[in-house]
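Protein chains in written order, with this note's numbering: chain F, -7 to 133; chain H, 6 to 121.
Just so you know, the hints here were simulated from the structure itself, not pulled from any lab data.
Be aware that one or more of the hints could be misleading.
Unchecked claim - No more than 20 Å apart at the CA atoms, straight line, and that leaves these computed lysine to aspartate or glutamate pairs for DMTMM-like:
| hint | chain 1 | residue 1 | chain 2 | residue 2 |
| --- | --- | --- | --- | --- |
| 1 | H | 60 | H | 84 |
| 2 | H | 60 | F | 3 |
| 3 | H | 60 | F | 67 |
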Amino acid sequence: MKFEYLIEGGDFIRAGHASSDIKKILNQLNLDPAIVRRIAVSMYEAEVNVVAHAFRGVMKVNINPERILVLVEDEGPGIPDIAQAMQEGYSTASDKVREMGFGAGMGLSNMKKNTDILDIHSAINRGTVVKMTTFTKSGAS
Amino acid sequence: MITIADIVSNLNSSVLAGSDKLQRPVKGAYASDLLSDVMGKAREGELWITMQTHKNIIAVASLKDLSAILIVNGGKPDEDTLATAQSEGVVILGTEARSFSTCGRLYKLMEGDALV
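Next up, chain F with everything else stripped away, as it sits in the complex (with noise of 0.2 Å):
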């Protein structure tokens, strides 16, 4: 299956969405609950991302039996440095948007504690490429 959602930066009403939408097709599928949880915190943060720093995005999921593919692709500043972007605490988000709550500098962190291969390739001034992959079973990763 294949499901594909668009993401308008700085639209922060709506981010979450493509994400809450995902995680009731994966509850249906009866995939473990725990398993499902970790895809939606790690595709709500990505999503949020876009959002938060990027023009737009677009966010790709392929599931099948094995595993959930999430690809999101943005056009937007890029990451000049993902080690640094990694770091826990580490944000470049506007005070506007830490006020509401995001910019913790844990998005990364996140997305990494809760996939079990994260890809992150960015280029400056043109965009960001996440590719997340879970397993369905627990003991595969």
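Assemble the complex: chain F is given as a structure, and chain H must be docked to it using the hints.
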């Protein structure tokens, strides 16, 4: 295990959304105003104590399978947010009390029972 209804009656709080789900068990609680902190650290079935009132709290509570959101300092989400909470099955409680006293009273109520 205590339920959301126990918390409503013991903490002088009001039910803002999800009044049909007050029998849901509360396994513990997590207090934070940073959404990613809650996404990373809160556990399934816990109550979330926060001052945030904007619509995105619904997604966080729903994606993490939290039992309810308890908004402190008399904060009230707008009507649209409450309607979304209702349709997504997210319980929202509100209290005039501040965060510290709310956590203290909750801790006393749940000590020995929940995963505090």
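Point to revise | Straight-line alpha-carbon gap residue 60 of chain H to residue 3 of chain F, limit 20 Å | key: 11 Å, holds
**Study point:** Straight-line alpha-carbon gap residue 60 of chain H to residue 84 of chain H, limit 20 Å
**Key:** Holds, because 10 Å separates the two Cα atoms, which is no more than 20 Å.
**Study point:** Straight-line alpha-carbon gap residue 60 of chain H to residue 67 of chain F, limit 20 Å
**Key:** Since the Cα atoms of residue 60 of chain H and residue 67 of chain F sit roughly 25 Å apart, the hinted pair is violated (cutoff 20 Å).
When held up to the earlier numbered hints, the structure conflicts with hint 3 and nothing else.
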